[in-house]
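J.: Letter by letter, the chains look like this.
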Amino acid sequence: MSFALWTPLALPALLAVLSLVAPSPAVRRLSPVAASVVVLVSGLLLVSVVLADQVPTLGDGLLRADALSAYMLTVVGAVGLVSTWGGFGHATAVPGRFTGSYDALISIFLAAMSLAVLADNIGLMWAAVEATTIATAFLVGHHRTPRSLEAAWKYVILGSVGVAIALLGIVLIYAASRGTGEATLSWLVLSRAGLPLDPALMRAGGALAVLGFATKAGLAPMHSWLPDAHSQAPAPVSGLMSGVLLAVALYAILRIQTITDAVIGPDFLRIMLSVGGLLSLFVAAALLIRQRDFKRMLAYSSIEHMGMMAVGAAIGAAALPAVLLYVLGHGLTKATLFVISGRILEVEGTPKIDDVRALLVRRPGLAVPWLIAMAALIGFPPFSIFFSEVSIIVAGYSTGMGLVAGIALVLLLVIFASLTRLTVAMTIGAPAGTVAAAASAAAAAAVPAVSAAALTGVFPRVDADASVTLADTESIPEEPIVPDRSGHGPMLPLILALGTTAVVAFIAEPVGTLLTRAAEVLGGIQ
Amino acid sequence: MFTTIYPQLIGLCTGTLLLTSALMVWRHSLLASIRLLSVQGFALAALVAVIGLEEGEIEVILVSVLVLLVKGVALPWVLARETHATTRTDEAPRLNPTAALLTVALLTILSYVVASRLLAGETSISAHAAPIGLAMVLIGFLLLVTRRQAGSQLIGFLVLDNGIATVAFLTSGGVPLFLELGISLDVLLVVVILYVFAGRMRNKFGNTEIDQLRKLHD
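Protein chains in written order, with the working numbering: chain A, 1 to 526; chain B, 1 to 218.
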C-alpha cells in the first residue's frame with residue numbers, strides 16, 4: 001500500500017501541470033478539486049493500513065506514514081475538498097495572462113502540505129513547509145490590489161524569516177545528533193529514547209525550531225501577518241490556509257516537541273507553548289471585541305483556536321487526542337466559514353460587518369449555513385470543537401496545569417461572547433426595507449422617528465439613522481423583500497463538512513482508535 | 001600541507017563573511033550591497049569547498065558548486081536586474097551608520113557568548129568559527145528591521161539565510177545534498193517572488209518603500 005505515499009505528491013503536481021496547459025476552463029477548475037480528492041483518498045487508504053498495524057515507508061524511509069501522518073493527510077484532503085469544491089464558481093479568473101496559475105498553485109499547495117506531513121526527515125518537512133509559503137504567496141496576492149500586495153509582502157517576509165529560524169533550529173538539532181555516530185535528521189531515529197544527543201544544542205535547536213514553526217502557525221506574538229493574509233486571499237485559499245496550513249505548522253511543532261522532550265524533558269517547551277498559546281488567546285480576545293470585518297474576524301478566530309491547540313500541546317500526552325480532533329473540527333468548520341464568507345463578500349460587495357445586516361431575512365440561503373458553522377466554531381455541542389476544548393481544559397486541570405487551563409477558559413468565554421455578538425449583528429434583525437415601511441408609517445402618524453426605531457429595532461442606532469433619512473425624504477417606495485434562498489454555490493461540501501464535525505466526536509471506532517494511535521506516535525500513551 | 005593551512009583558510013573565509021555582512025550594514029547603496037552579497041556567496045562557497053577538501057567528501061564539493069551558482073551568481077543577478085530598472089534606490093535607514101556598526105559589534109559579541117555556551121564541548125576548528133554564522137543571522141535581522149526599501153529587506157533576508165548556511169557547514173559539515181538542493185531552491189523561489197512583488201509595488205506606488213504598506217490594520 002506504499003503507493004499511497006507518492007500519489008498525494010505526484011498526482012496533484014501532474015494536475016497542476018494539466019491546469020496550466022489545459023485549454024478548457026472546466027478542466028482547469030476541476031483540477032484542484034481532483035487534487036483534493038487524491039489527497040483525501042490516499043489519506044483514507046493510509047489510515048486503513050495504519051489501523052492494521054503497518055507503517056508504510058517509501059524512498060529509503062524518507063517518506064513514512066505512521067498514524068499521525070495518515071490522520072493529518074486525511075485532514076489536508078478533507079479540508080482541501082471543502083475549500084476547493086465549495087469555492088467552485090468563485091470569481092477567481094483574473095483576465096489576461098496566467099489564467100491557469102491560480103488552480104495550478106492550489107494543487108501545488110496541496111502537494112506541499114502532503115509532503116510536509118509524510119516526510120520522516122525533519123529537514124524535508126522544513127523544505128515542504130517553506131514550499132507552502134512559496135505556493136501561497138501569489139494566491140494571497142491574487143487580487144492585485146494594493147491591500148492584497150501589502151498582505152502578500154508581509155506574509156512572505158514574515159513567513160520565510162520565521163521558517164528560516166526553524167531551519168537554524170533544525171541545523172542545530174542535526175549538529176546535536178553527531179553524538180550518535182552519524183548525524184541524522186530522521187524523526188524516527190531522533191525520537192528514540194536514550195540517544196546521546198547534546199542537550200545544550202537540542203535545547204537551542206528545539207526552541208528555535210518551535211519558534212519558527214509557531215510563526216507559520218500564527219501563534220502570538222508572531223501572528224501579525226495572519227489576519228492580513230487570510231482576509232486578503234481569495235476565499236478558498238483562506239479556507240485552506242486557515243483550515244490546514246496552520247495545522248500543518250502545528251504538526252511540525254508536535255514532531256519537534258517529541259524529539260526535544262526525549263532529551264531535555266517536557267518542561268522547557270511546555271512553558272514556551274503555554275505562553276504562546278495564552279498570548280494568542282489574549283490577542284484574539286482583544287481584537288475580536290471590536291472587530292469590523294468578517295473575514296478578519298475569522299482570521300482572529302484562527303489565532304484563537306491555534307492558541308488553544310498550543311495550550312493542548314503544552315499540556316502534553318493527556319490532551320493530544322483532543323488536539324488532533326481539534327485540528328479536524330477546526331479545519332472543516334473554518335474552511336466552510338471562509339467559503340461562505342467569500343460568497344457573502346461576492347453578493348453583498350462589502351467585508352464590513354456593519355454593512356451586512358439581517359442576513360437571515362434577506363439571504364437565508366447563506367445565513368443558515370453561516371449560523372450553523374459559526375455555532376460550531378464558537379464551540380456549541382454537538383460539534384467536535386466543543387469536545388476538544390473541554391477535554392483540553394479538563395486535561396490541563398488533571399495534569400497540574402490548572403492555572404493555564406483556567407486563564408484559557410476565561411479568555412475563551414470572552415471570545416465566545418464577542419463572536420456571538422458579531423454573528424448576531426450580521427444575521428439577525430430587521431432588514432432596511434421593513435425599517436423603511438415602519439418609518440414611513442411612523443412619519444405619517446407624526447410619531448418621532450426615534451421611538452419607531454426603538455419599537456422595531458434590535459439595533460436602535462442603525463434603525464434610527466435609517467428612519468431619520470427616510471422621514472426626511474419621504475419618497476421611498478415600499479418594496480417587499482424577496483428572501484434570497486440561493487446558496488450562491490455548491491452546498492453539498494458545506495453540508496458534508498458540518499455534518500462530519502457534528503458526528504465525528506461520537507465515533508469511537510475507527511476515529512477514536514486512530515486519534516489514540518496518533519497521540520501514541522508522539523509519546524502520548526495514556 | 002593542507003592541514004597546516006586549513007585553519008587559516010577557514011579563518012579567511014569566515015572573516016570575509018563577517019566583513020561583507022558588516023559592510024552591507026554600513027553601505028546604503030543597494031547596488032553596492034548586491035556586489036557585497038555576491039562576494040559573500042563566493043566566500044561561503046569557498047568555505048564549503050575547504051571543509052569538503054578537509055573531509056575528503058565529493059558530496060560537499062558538489063554542494064559548494066551549488067552554493068557558488070545560487071548564492072554567488074543567481075541571486076545577486078536577480079537582484080541586480082531589479083535595481084538596474086530603477087535609477088535611484090538609495091536607502092535612508094532608521095539607524096545612522098555609526099549606531100548600526102556599533103550594533104553589529106554588539107551582535108557579534110553576543111553571538112560569541114551564546115555560541116561558547118552552546119558549543120562548550122567542541123574543539124574542532126570549524127566549530128570555533130561557528131559564532132560568525134550566528135552573528136550573520138543577527139546582522140540579517142538588523143538589516144530586515146532597519147531598512148525601508150523592499151530591495152534592502154530582501155538583502156537582509158539573504159544575509160540571514162547565508163548565516164544559517166554558515167552555521168550548518170561549520171557545526172556539522174552541512175546538511176545532506178538533497179536537502180541543500182531543496183533549501184537552495186526554496187530560497188531562490190522566495191527571492192524571485194519578493195522580486196515580483198517589489199515590481200508590482202513600483203507599478204502601484206511608484207517606489208518600493210515598505211513604510212507605505214500600512215493600509216491593513218485593526
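Treat the hints as calculated values from the structure; they're not laboratory data.
Each residue gets a CB set at the ideal place from its N, CA and C atoms; glycine is no exception.
Treat the hints with care, as some may be off.
[As the list claims (entries may be wrong)] Calculated pairs, DSBU-like style, for lysine-lysine (alpha carbon to alpha carbon, straight line, at most 30 Å):
# : chain 1 : residue 1 : chain 2 : residue 2
1 : B       : Lys204    : B       : Lys215
2 : B       : Lys204    : A       : Lys154
3 : A       : Lys352    : B       : Lys204
[As the list claims (entries may be wrong)] Short derived list, chain A residues pointing at chain B, Cβ under 10 Å:
#  : residue
4  : Ala34
5  : Val37
6  : Ala127
7  : Glu130
8  : Ala152
9  : Val156
10 : Ile170
11 : Ala200
12 : Gln232
13 : Asp484
14 : Arg485
J.: Run every hint past the structure and note whether it holds.
T.: Hints, one by one, checked against the model:
Proposed proximity of B/Lys204 and B/Lys215 is supported: the alpha carbons are some 14 Å apart, at most 30 Å. Note on B/Lys204 and A/Lys154: the hinted pairing holds, with a Cα-Cα distance of about 16 Å set against a maximum of 30 Å. With a C-alpha separation of about 25 Å, the suggested pair A/Lys352 and B/Lys204 falls inside the 30 Å cut-off, and the hint holds. Checking A/Ala34 against chain B by beta carbon gives a least distance of about 25 Å; that is not within 10 Å, so the hint is violated.
For A/Val37, the interface hint is violated, the least distance from its beta-carbon to any beta-carbon of chain B being 27 Å, above 10 Å. Evaluation of the A/Ala127 hint against chain B yields a held restraint, the C-beta minimum of about 4 Å falling below 10 Å. A hinted interface residue such as A/Glu130 counts as satisfied when its beta carbon comes closer than 10 Å to some beta carbon of chain B; here the least separation is about 4 Å, so the hint holds. With a least beta-carbon distance of about 6 Å to chain B, the hint placing A/Ala152 at the interface is held under the 10 Å criterion.
Taking 10 Å as the C-beta contact cut-off toward chain B, the hint placing A/Val156 at the interface holds, the least distance being around 6 Å. Hint status for A/Ile170: holds, given a least beta-carbon distance of 8 Å to chain B, under 10 Å. The criterion of a C-beta within 10 Å of any C-beta in chain B is met by A/Ala200, whose closest approach is roughly 5 Å, and the hint holds. At a threshold of 10 Å, the smallest CB-CB gap from A/Gln232 to chain B is about 7 Å, leaving the interface hint in force.
This hint is violated: A/Asp484 has a C-beta 30 Å from the nearest C-beta of chain B, more than the 10 Å allowed. Violation of the interface hint for A/Arg485 is found here, the shortest Cβ-Cβ separation to chain B being roughly 34 Å, above the 10 Å cut-off.
In the structure shown, a violation is registered for the earlier hints numbered 4, 5, 13 and 14, in ascending order.
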